[in-house]
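**Student:** Starting from the structure of chain A, add chains B, C and D where the hints point.
Sequence order for the protein chains is A, B, C and D.
Going by this note's numbering, the first residue of the first sequence is number 20, and it counts up by one from there.
Going by this note's numbering, the first residue of the second sequence is number 20, and it counts up by one from there.
Going by this note's numbering, the first residue of the third sequence is number 20, and it counts up by one from there.
Going by this note's numbering, the first residue of the fourth sequence is number 20, and it counts up by one from there.
Errors might be hidden in some of the hints.
Dumping the calculated DSBU-like pairs for lysine-lysine here, alpha-carbon to alpha-carbon at most 30 Å [to be verified]:
hint: 1; chain 1: D; residue 1: K281; chain 2: C; residue 2: K245
hint: 2; chain 1: B; residue 1: K245; chain 2: B; residue 2: K175
hint: 3; chain 1: B; residue 1: K163; chain 2: B; residue 2: K281
hint: 4; chain 1: B; residue 1: K281; chain 2: A; residue 2: K245
hint: 5; chain 1: C; residue 1: K245; chain 2: B; residue 2: K281
hint: 6; chain 1: A; residue 1: K175; chain 2: D; residue 2: K281
hint: 7; chain 1: A; residue 1: K163; chain 2: A; residue 2: K175
The set of hints was computed from the structure by calculation and includes no laboratory data.
If you're wondering where the values come from, they're calculated on a predicted model, not measured in any experiment.
There are 4 protein chains.
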Amino acid sequence: MTGLELRQRVWELLDVSEDQQSGVAEWDWVDVSLLVLILLNVLAVILETVRSLQLRFSTVFWAFEIFSVAVFSVEYAARIWSCTADPRYRQPIVGRLRYVSSFLGVVDFLAILPFYITLALPASAIDLRILRVLRLLRFARVLKLGRYSDSIGRMKRVIAARRGDLGVALALVVVMLILASSAIYIIEVESQPEVFTSIPAAMWWGISALTTVGYGDMAPVTPLGKFLGGIIQLLGIAIFALPAGIIAAGYEEEIRRGREDKGICSSCGRPFGPESEPGQCTDSQ
Amino acid sequence: MTGLELRQRVWELLDVSEDQQSGVAEWDWVDVSLLVLILLNVLAVILETVRSLQLRFSTVFWAFEIFSVAVFSVEYAARIWSCTADPRYRQPIVGRLRYVSSFLGVVDFLAILPFYITLALPASAIDLRILRVLRLLRFARVLKLGRYSDSIGRMKRVIAARRGDLGVALALVVVMLILASSAIYIIEVESQPEVFTSIPAAMWWGISALTTVGYGDMAPVTPLGKFLGGIIQLLGIAIFALPAGIIAAGYEEEIRRGREDKGICSSCGRPFGPESEPGQCTDSQ
Amino acid sequence: MTGLELRQRVWELLDVSEDQQSGVAEWDWVDVSLLVLILLNVLAVILETVRSLQLRFSTVFWAFEIFSVAVFSVEYAARIWSCTADPRYRQPIVGRLRYVSSFLGVVDFLAILPFYITLALPASAIDLRILRVLRLLRFARVLKLGRYSDSIGRMKRVIAARRGDLGVALALVVVMLILASSAIYIIEVESQPEVFTSIPAAMWWGISALTTVGYGDMAPVTPLGKFLGGIIQLLGIAIFALPAGIIAAGYEEEIRRGREDKGICSSCGRPFGPESEPGQCTDSQ
Amino acid sequence: MTGLELRQRVWELLDVSEDQQSGVAEWDWVDVSLLVLILLNVLAVILETVRSLQLRFSTVFWAFEIFSVAVFSVEYAARIWSCTADPRYRQPIVGRLRYVSSFLGVVDFLAILPFYITLALPASAIDLRILRVLRLLRFARVLKLGRYSDSIGRMKRVIAARRGDLGVALALVVVMLILASSAIYIIEVESQPEVFTSIPAAMWWGISALTTVGYGDMAPVTPLGKFLGGIIQLLGIAIFALPAGIIAAGYEEEIRRGREDKGICSSCGRPFGPESEPGQCTDSQ
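Just chain A, same shape as in the assembly (with noise of 0.2 Å):
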């Protein structure tokens, strides 16, 4: 048995297993050095992209990747050995497959893959090498943790909960980004057809009226145009007002529910008395 228990052991240690009754998440010294790990390798990405730096610490950032790879690379390989231990993928091969076909079973793929392709290919094959910048695809595994934190947690029921009125929002702006954008292509294709070339083209304009960036790289200049842009500038405040007003309210009504859950009177702010039913409530009997 002790194949068994030592596969046990094994995906114990990769897993930030969940204590069953207190539901918090248990840490060991494995799950905490990979974490940290993946953080270092996003951290590595970014700076890789610093001329300065590559030329400075190239030497340091690939013994620091080929270092991670492998680890990388160890754990995926330990993770597929040992996932049958996990009541999911019980099943020796069909388990298998459903863990490497699963979300992090591919993320964690993708993360090593781009490093051996690229191995096999000469330097010069810039565009390839970029690939290399999805190990920061592991970072899924630091977000996964999320489902720890009560706050996401409230955060993913409230926008759950708020899923069809955020949708109707984001679908008028994008009902407006067409709209606006066709008007203005309309109006100032005349005066600077070089700039607004093309309805796409006049959408980046729209996009950065509606969420009031505004890059300057182009803007109306008729009059006509000046005011309806000014007009759609103004329509882009309830882009923000709408998704902050229907978010706000879904927060109060999470607040209000997790009250009512603890069986407390919002009326009073106090206990309900133990004479209460769960049933129903004879507030006006």
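**Tutor:** Using the frame of chain A, we list chains B, C and D on its own:
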């Protein structure tokens, strides 16, 4: 009676009717294909403005436009012919006239009209050919479908309920825009008369500052102008905060009312007891 | 007594009086026409600054200004003469002085004064002629009408109730502006001394960054400056989120209080029963 | 005992003490004059950086700085001498050391230190003279007074209560910033390698896009880059909506709790009856 039945059938096919009791939209293949055709037209109108695509696929765009307008024309005719099947447009002549002059009736007409006009014109009449963009008007039919969405309904109710407050916020923007632009104009016209040429011109800066877009094509340069400009930009924040707050309160209210309609107590989140009389709340008897 | 009656009548004609019991504004043709004249003056002042319009319609603008100032002057005189009909300005001399020194009294005077001054001046005195823009001050009379709007009243109450919180948010902006601008100045003055010439100059960048306007006429170039600039811009978000949140909570509270005043229970949305004693709520007896 | 009494008196003069029962700040002329002196120093530091003013009033600035630092030095010494009158710093040596190493103790020291350093230095040491800006640190004393404001207390409680949610929103910004900047870098580095030189450089664009500042000094030019950029800017809206919504809900909750503490029913807005037992709410018995 086959004529009447046919007409009835055609109208039902063209119209996305609403199921009486459930209020759910009843789609049929005609509605769906017309919807798809409209969205494809929106896409075509947008892409057609891209020079390179226009040159390469001009025949495709042209064929698609002819096909679309043909379908829209047939649809338009069929609607006029069959609209008498709708209780709103019962009478043969008066009813049809009322339909033709209805919002969607006019939209459908304007959407196909430019094509026939431009057919009669020489290809050089660029400005008129631009009118063919009016096909975008069919977009209104898509938006019209919004009435089957809960979230859109909620948004409409919220905005309708807070109409007054939002209107005041908008009026505030206009007043601030007029005063701010006039002030900046008076301050800046001396030092950069070619930029702040007039108050309407200054308004272009004003709206950009109040909506925090800031194109950078014009900005105050005098110390006093910059000081005032900074204050105006700060006031611009209020222009975001007010609608956001108003809409947030509106959604709250809407959610709360939703609970009430379901007969759920906001204090404890449980349904009211059977003894509750609809008429009044004896909460504090 | 005809003199007194006439005076009474004139005052009522000029003043948009409020119906005692209903509190609804009582308009008469004089109020409306004066309101229209004011709005037309606002429009005229704005358009008059447009060179092309000024050249073409200078006589029209001039005639309209003479007419307007004449009317405003007569109105001003009539108000001073008849204001004693108002209980607030009962006494012939003291009352009239109090009216003349009241906010609207001063506004009306400043609105007509520049015209008479500039009449005495040579046309070359451009800077003084600009003072004629002060006709815009009459705008205050339009805003004054806001007191008849529910929504404006609600907005005032909300802002008054949240005065302190909004003030703190504003103070926070000022403190952040001073610290951020000083820091960016110290960091950037070395590398671009002609852009970040002084802390006040840096404040122009600071306010643009905090309000997310970003003109692009000045921006940090040093890595440290960009790093700090990014953080400052992130803090700028708080400057939007705080007022929005405060105002949202304020409207909430206002709506809730409105329900209470109507004696509607926030728990079930039904009016309280007849037995309810105004004094207290025995919700949890 | 005169020594002790004097020390006690000095400490009370220097310290804006809080009245025990009322909790209101007790100002005396020393506190006020020190406060004014600090604010004047902030103003001086800001204006001193303006070349023209510096040249004209250099002696005034210099005299004022000497005077201020002298006063601050005396104050600093007096505080160290008299701090033992404060129960927190009772013991002569340990207490004084604890005071010196307290936040305000360090601030006060850093605020006067640079002056003495720069006195010893040649006037050419520009970079060190800039340290004299550290007088701004005294600003902390003004902010410290915030603890006497209800609104600031409320803001602190709201932010503290929503700490987690706001932290998640901030984390979301950072993650989005890293991913967005990396993506834009990979897309744009080919077409404009001198603008998007590295991921850190792209982050300057990223933060400007996410905070909707948009300087325009760098922007995507490739169609794919503009498409992604547009989506990133839309996501930037969420970065405003989330904190605004969270803070709105936080203020709501704070206001609601305030009502409860006053024993006012949220349902009917009336105080609870005398029979109400503090322990529990029998709302739904």
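**Student:** Hints numbered earlier in the text: which of these fail when held up against the supplied structure?
**Tutor:** Numbers 1, 2, 4, 5, 6, in rising order.
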